[in-house]
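> Quick mapping for you: the protein sequence lines, in order, are chains B and Y. Residue numbering for the first sequence follows numbering that gives the first Met the number 0, beginning at 0 and increasing consecutively. Residue numbering for the second sequence follows numbering that gives the first Met the number 0, beginning at 0 and increasing consecutively.
Just so you know, the hints here were simulated from the structure itself, not pulled from any lab data. All residues carry an ideal CB built from backbone N, CA and C; glycine is no exception. Please note that a few of the clues may not be correct.
[To be verified] With the C-beta cut set under 10 Å, the calculated list includes, among others, these residues of chain Y facing chain B:
no.	residue
1	R176
2	G185
3	D216
[Said to hold, decoys possible] Cβ-Cβ distance ranges computed for the label pairs, FRET-style:
no.	chain 1	residue 1	chain 2	residue 2	range
4	Y	F119	B	A250	24 to 32 Å
5	Y	D242	B	S298	24 to 32 Å
6	B	A35	Y	H90	48 to 56 Å
7	Y	V272	B	A278	38 to 46 Å
8	Y	H90	B	R283	13 to 21 Å
9	B	R33	Y	A304	56 to 64 Å
10	B	A278	Y	G102	53 to 61 Å
11	Y	G187	B	A151	51 to 59 Å
12	B	V287	Y	E73	35 to 43 Å
13	Y	R269	B	A6	38 to 46 Å
14	B	A35	Y	R269	36 to 44 Å
[To be verified] If you want a taste of the chain Y side facing chain B, the calculated C-beta under 8 Å gives, among others:
no.	residue
15	L50
16	L54
17	I215
18	D251
19	D254
20	L255
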Amino acid sequence: MSAPGPAYELPAELVIDTAVARRIAVDFIRGQLRQAGFERLVLGLSGGIDSALVAYLAAEAVGPQRLLCALLPYRTSAPASRADAESVVAALGCPSRLIEISPLVDAYYGASEAGVAAEVGALGPEGREATPRRRGNLMARVRMAILYDLSAAWNALVVGTGNKTEALIGYTTIYGDNACAFNPIGDLYKTQVRQLAEAMGVPEGIIRKAPSADLWPGQTDEAEVGFEYADVDRLLFWLVDRRRSEDELLALGFDTVTIERVTGMVAAAEFKRQVPPVAKMSSRTTGVDYLYPRRRPGSARPPG
Amino acid sequence: MQPLRIALVQLAPRLGDVEANVALHRARLAEAREAGADLVVFPELGLTGYLLQDLNAEVAMRLDDPRLAALVAETAGLSAVIGFVEESADHRLFIAALLAEDGVVRHVHRKVFLANYGLFDERRFFGAGAQVRAVASRLGVGVGLGICEDFWHLSVPQLLALDGAQLLINISSSPGRDVAAVNEAGLGTASSWRTMMRAYAQLTTSFVVFVNRVGIDESISFWGGSEIIAPSGATILQAPLFDEGLYVAEIDLADLRRERIALPLLRDERPEVTLRQLERIVRERAGEAPDATAEPGAEPGFDLASPAAGPTASSAAER
Chain B
0 MSAPGPAYEL PAELVIDTAV ARRIAVDFIR GQLRQAGFER LVLGLSGGID SALVAYLAAE
60 AVGPQRLLCA LLPYRTSAPA SRADAESVVA ALGCPSRLIE ISPLVDAYYG ASEAGVAAEV
120 GALGPEGREA TPRRRGNLMA RVRMAILYDL SAAWNALVVG TGNKTEALIG YTTIYGDNAC
180 AFNPIGDLYK TQVRQLAEAM GVPEGIIRKA PSADLWPGQT DEAEVGFEYA DVDRLLFWLV
240 DRRRSEDELL ALGFDTVTIE RVTGMVAAAE FKRQVPPVAK MSSRTTGVDY LYPRRRPGSA
300 RPPG
Chain Y
0 MQPLRIALVQ LAPRLGDVEA NVALHRARLA EAREAGADLV VFPELGLTGY LLQDLNAEVA
60 MRLDDPRLAA LVAETAGLSA VIGFVEESAD HRLFIAALLA EDGVVRHVHR KVFLANYGLF
120 DERRFFGAGA QVRAVASRLG VGVGLGICED FWHLSVPQLL ALDGAQLLIN ISSSPGRDVA
180 AVNEAGLGTA SSWRTMMRAY AQLTTSFVVF VNRVGIDESI SFWGGSEIIA PSGATILQAP
240 LFDEGLYVAE IDLADLRRER IALPLLRDER PEVTLRQLER IVRERAGEAP DATAEPGAEP
300 GFDLASPAAG PTASSAAER
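Could you build all of it, start to finish, from the sequences and the hints given here?
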């Protein structure tokens, strides 16, 4: 793309003070590690903007030597994604691991793609019929399992890379890409992630390219979900942050179809954002009336 | 008149770890003494951390707690405001601030307005204080203490000033939020507090001291930005956002006298008018007196006439 000008559309109400956001995110990462008794971090680096930004924030918080970036491609992942991830690793100078997840995923569903030996996986012949959604969810959960294994091997916490937009509309795999010890960018909309990424010096190619879960060739978030981030972010901002009613959203220029679609997605994804409910039976129940901060005296991992 | 030297401590308490926080307070007290401070102000819940939930009872201290007593004993020759969880003799828990001077507790303020909305859940875990009063101080001026949300209510700074406070001190654990670029300092919370503290200083013609903690509890980042504001509304000290540290400035009490003579707002205050109107309003809200602003036909204590008594009910009955 040769067009000059802004790398992305940025609605005025979503403009953040990137210096303040950077400070909060970096101090937050340090605070979480200190309270948990850890010094190192591991994250899954996809080549996309979210994990690239978190890598930059994490490297600033703890130094690049204490950050392990795991590149976890499937065989259909775009080569450009891997190149972008490698450019982040090179720019930060942090250790990295490249682990192909194809053998793990194919061992379950079987390998049915053209040019690959057609073998039946652990799931049996049914595996070949698995929808892209199922396959994508398994890929996300295999990546999660690897990150948690690496975290044990590397003495690190898994830092989350999901943004507020995808958490609200549910464009995320529960216990997959949303699994983490903590998340420094989970309260930033996608358009705000772009601002902070720009301020942190994330390579421009990563900021400019169309966001993609990269679960199949040519997939893009905006084509799959059906709206542009600038629009959905604005709508979510007025709906969630500014508590506007449907009538007020209409007056702001949003159309009924989009409003209903987005509010429906937000409601349907509530379960992905919360700890599962426990059936209350005793006099004191975790998460209900036994309420403690995650970290308190005695909860940090003992040194050594 | 000697200037008054005030040290503001932007502390990052360890959540739930009283011993560690007592040590942090001791170190900062020593540092403030070294800096020649007359008054040292620590943040809300500095001895415990903020997001305590069920840790509230575990970190609570009675006023005779030896850990508290040891800290108070270190205030020989100076004044200190310290935030902690107070357990009363009958086992109620309060978010509290004490003023210690020359080794004794001069005053305890229990947070009157507990924040219980948005990200706050204080009333689940704490009782609300019921007293707002100024106290005489070795500093030579009346001191009034408030804790965070107390100063989101106009009545508190006004009552403190009317009661003789010339130095209004608010200690806070204010969570930073709204990083929109349009906000002053890039933080909505900072914009709000800065506006309020200047307004209080001018409206009460008092010095206003605001001390806010820093550091992280769970999801929350506390933003610091502690300040000293002159009775004119001018900024005497503005500590940086998010940085841990001790910040010192001097105030001149002659400025306060000058301001109160040039702008005699407190002299002209009419608390008896306020009191009479409040008595009327309280009676109206309780349904003990007719409410001038209620709809005709409204039940005592209600603003709107009940639909059951109106034409809607009868038309519904006809269907």
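> Hint by hint, which ones does the structure fall short of?
Per hint list: 6, 7, 11, 13, 14, 18, 19 and 20 violated.
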